[in-house]
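Engineer: Sequence:
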Amino acid sequence: GDKTFFVAAILATKYELLVVYLGCWGALAFMTLVSAVMGALIPSIIGAVMPASMAKLAKVPPMLLLLYFGGTMIYDAIKDLEEGKDENIAMKEELEDAKNEIDEWFGDG
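Position 19 of the sequence shown, counted from 1, bears residue number 19 in this note's numbering, the numbering being contiguous throughout.
Hints listed in this document are in silico derivations from the structure and should not be mistaken for laboratory results.
Hints should not be assumed to be uniformly reliable.
Only pairs whose alpha carbons sit at most 35 angstroms apart, straight line, appear in this in silico DSBU-like list of lysine-lysine [said to hold, decoys possible]:
1) Lys79 - Lys92
2) Lys59 - Lys79
3) Lys14 - Lys85
4) Lys99 - Lys85
5) Lys85 - Lys56
6) Lys14 - Lys99
7) Lys3 - Lys85
8) Lys99 - Lys3
9) Lys92 - Lys3
10) Lys14 - Lys92
11) Lys59 - Lys3
12) Lys14 - Lys3
Pair by pair, the computed Cβ-Cβ distance ranges are [stated by the list, open to error]:
13) Asn88 - Pro51: 47 to 57 angstroms
14) Gly26 - Leu66: 25 to 35 angstroms
15) Asp97 - Gly70: 30 to 40 angstroms
16) Leu18 - Trp105: 38 to 48 angstroms
17) Leu95 - Pro43: 32 to 42 angstroms
18) Pro51 - Lys85: 48 to 58 angstroms
19) Ala77 - Lys14: 28 to 38 angstroms
20) Met54 - Lys14: 49 to 59 angstroms
21) Leu22 - Phe69: 25 to 35 angstroms
22) Ala8 - Ala52: 43 to 53 angstroms
23) Pro51 - Thr4: 35 to 45 angstroms
24) Thr13 - Asn88: 17 to 27 angstroms
25) Pro61 - Glu82: 26 to 36 angstroms
26) Phe69 - Leu95: 15 to 25 angstroms
Idealized CB from N, CA, C, for every residue including glycine.
With these hints in hand, go ahead and build the complete structure from the sequences.
Structural biologist: Here you go:
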């Protein structure tokens with residue numbers, strides 16, 4: 001799952017708030033810029049490489065990725081329901097995973 005919120009919250013408890021805030025804001029700005037650039041460049045590159053008759057095929061890989069990741073999320077949710085997990089348990093597991101990742105990167109400090 002997405003541990004971004006947990007990572008930011010944990011880092012804010014360990015490090016100076018302004019540094020964590022600027023780091024999170026910078027990461028968001030960077031990812032937004034990368035996404036926008038890729039969204040503009042990739043169709044142009046595909047359009048230049050592929051013949052016009054195959055241009056519609058360029059939409060298939062993103063569609064398959066969307067279906068895969070969406071299906072994975074639905075599968076995980078159904079599996080959690082069948083195992084009797086509620087959202088609080090899943091959130092606690094995400095939080096523990098985030099803490100472990102932070103400790104791996106920055107040590108226990």
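Engineer: Which numbered hints does this structure break?
Structural biologist: 5, 15, 16
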